Amino acid sequence: MGIRVNLVTFLILFCTVGHGQESEFISGTLIDTVNTEPIPFASIRVKNRAVGVISNNDGSFRIPIKFRELNDTLEITSMGYDSREIVIGGLLSDQINQIYLKPMLIQLDEVTLSASKKRRRGRNDNDRPVTAEEIISKAIEKIPLNYPFNPQSYVGYYRDYQWKSGGYTNLNEAIVEVFDKGFGTLDYEDSNTRIYEYSRNANFPTDSLSERLYDYGEYKTKTIPKAYLNSYGGNEFVILRIMDAIRNYNTFSYSYVDHLDTDFVKNHDFSIEDDTSLDGMPLFVIDIYKHNRKFMVRGKIYISKDNFEIVKLEYATYDALLGTRKISKTSRKIEDRLLYRTVVEYKKEDNKMFPSYISFSNKFEVKVPPVFTVKNVFVDFEKKLFEIAFNRVPLHFKVLKDKNYNISYKGRGMEIEKVVLADSVTVHLYPKMNLGDQAMEIFLAEPEDIGKDDFRVVMDNIIDMDGNKLDFSETYSLMQFREFFVQQRKPVRQYPGKHLYMDKNWPIFQDQPIVKPDNYSDFWMNTPLRNEGAIIK
Numbered sequence: 063m064g065i066r067v068n069l070v071t072f073l074i075l076f077c078t079v080g081h082g083q084e085s086e087f088i089s090g091t092l093i094d095t096v097n098t099e100p101i102p103f104a105s106i107r108v109k110n111r112a113v114g115v116i117s118n119n120d121g122s123f124r125i126p127i128k129f130r131e132l133n134d135t136l137e138i139t140s141m142g143y144d145s146r147e148i149v150i151g152g153l154l155s156d157q158i159n160q161i162y163l164k165p166m167l168i169q170l171d172e173v174t175l176s177a178s179k180k181r182r183r184g185r186n187d188n189d190r191p192v193t194a195e196e197i198i199s200k201a202i203e204k205i206p207l208n209y210p211f212n213p214q215s216y217v218g219y220y221r222d223y224q225w226k227s228g229g230y231t232n233l234n235e236a237i238v239e240v241f242d243k244g245f246g247t248l249d250y251e252d253s254n255t256r257i258y259e260y261s262r263n264a265n266f267p268t269d270s271l272s273e274r275l276y277d278y279g280e281y282k283t284k285t286i287p288k289a290y291l292n293s294y295g296g297n298e299f300v301i302l303r304i305m306d307a308i309r310n311y312n313t314f315s316y317s318y319v320d321h322l323d324t325d326f327v328k329n330h331d332f333s334i335e336d337d338t339s340l341d342g343m344p345l346f347v348i349d350i351y352k353h354n355r356k357f358m359v360r361g362k363i364y365i366s367k368d369n370f371e372i373v374k375l376e377y378a379t380y381d382a383l384l385g386t387r388k389i390s391k392t393s394r395k396i397e398d399r400l401l402y403r404t405v406v407e408y409k410k411e412d413n414k415m416f417p418s419y420i421s422f423s424n425k426f427e428v429k430v431p432p433v434f435t436v437k438n439v440f441v442d443f444e445k446k447l448f449e450i451a452f453n454r455v456p457l458h459f460k461v462l463k464d465k466n467y468n469i470s471y472k473g474r475g476m477e478i479e480k481v482v483l484a485d486s487v488t489v490h491l492y493p494k495m496n497l498g499d500q501a502m503e504i505f506l507a508e509p510e511d512i513g514k515d516d517f518r519v520v521m522d523n524i525i526d527m528d529g530n531k532l533d534f535s536e537t538y539s540l541m542q543f544r545e546f547f548v549q550q551r552k553p554v555r556q557y558p559g560k561h562l563y564m565d566k567n568w569p570i571f572q573d574q575p576i577v578k579p580d581n582y583s584d585f586w587m588n589t590p591l592r593n594e595g596a597i598i599k
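Plus 62 on top of the position in the sequence shown (first one is 1) and you've got this note's numbering.
Read the hints as simulated data drawn from the structure, not as lab findings.
Check the hints yourself; a few may be wrong.
[Said to hold, decoys possible] Calculated cross-link-like contacts (lysine to any residue; reagent style SDA-like; alpha-carbon spacing at most 20 Å):
id	residue 1	residue 2
1	LYS463	ASP511
2	LYS465	GLU508
3	LYS463	GLU508
4	LYS128	ASP144
5	LYS465	ASP522
6	LYS109	GLU449
7	LYS446	GLY342
8	LYS437	ASN496
9	LYS410	ASP144
10	LYS472	ASN523
11	LYS109	ILE148
12	LYS437	MET527
[Unchecked claim] Estimated spans, in silico, between C-beta atoms of each pair:
id	residue 1	residue 2	range
13	SER583	LYS204	37 to 47 Å
14	ASP320	GLU131	29 to 39 Å
15	ASP522	LYS437	32 to 42 Å
16	ASP320	ASN369	17 to 27 Å
For clarity, every value in this text was computed on a predicted model and none was experimentally measured.
Ideal Cβ positions, reconstructed from N, Cα and C, are used throughout, including at glycine.
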């Protein structure tokens, strides 16, 4: 009779497929003229048309070639840069076009604003807020005036992916339409989403280990360090929308921001930085800071100077501990301790602020299955021994040491008298059989009376011929991203049938209803691309 303990093996699969240039798109990369760094999250709109995209993390973007044939022009805007207009006819279709943007020169106001809430909280002659806290409080107070309370529809490009070793992995893409009933409603309960199309992009690498669901059980094969993320049925798009603290200003969004309207100001410290602008709109730039024993928060909030609209919110949470030392506010190692980050930006149209894009990313760790493992363990009642089989040839002088084994039954240990090799990957353990020993009780009993779940076998200091330690699992870290970029906004005049909506409690890329509208060709997936091409300065 045998008692077997079987271990599950896992498969990790990496595959890379060449990414060819798609002839139906014109591609470009936005670059800073001063430091030659790519410019992410810039708005690229087709002039006089209600469509456009947002540049990727590497500054890249794609525009359907049909707009060149229509002799259209691109309008490019990015916070802190001069806006540009580019005639699409001047762009190449077979290469990546490099487009340079100039950082904007900001003229500071004559009035100096105080930066700390510990300073005077008076007001200037124009009765305008003068401290960072007052500016933010004013902006939150004006949310009902500055953001839409009537139903709106947003069509855009959604993707989730993982960032590994400087590249995209497990890239999933979709075109979706969000039906938002307005800021007077609760987004999670009342908004709905229709999916036009979704796909797994096979032109990017895949990692079968990192795409598994989060596992906080016994094995913890995929976890977020020092944090827990509600899975919402595995629907990453729902998770992303919950992280929009502006849209969810009067309900809980995420830790420390909590309820934006009642908790944000009291939970943080602030300081005013140099102004910036977006497409001619002057903006306050306010630094966000919080530090406690376990976590540190850094971020920025951008607020219009004319009407106190919240244009952009950047918010990141870090592990504050480095051994016994805390990370300082200006530490260069801060990004190594990142836990999660959210960035959301709104754009002004028709005197209201509408979503432009949102990005939410979190660090997570994946445990790689061990190379050297135990295949099975069983009890041989006839020969009165324990047999242990390994999946690889163990180093013999390690595997034959009796002190490297600890076997117990119902909490009582038993001594090992000798260990012998049965074959190259199997050992036999002979326990001492003296009167009163636990082993004597086991082997004199009927096999059916012995419960296999009462055994505990612990092995230590055993390695294989290549030096792999038994049951040792390495871990590696990645960043999980979820991003939504609005391509078109319009008021809602009629809602589709409920059966056409995405199931919020089911993964967005699994068995969801797909409905393409008649104007589906007006939208496109802004898939990241890497190549070289024309330079436009």
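- Message: Name the hints, by number, that the structure is in violation of.
- Response: Going through the list in order, the structure violates hints 1, 2, 3, 4, 6, 7, 8, 10, 14 and 15 and respects the others.
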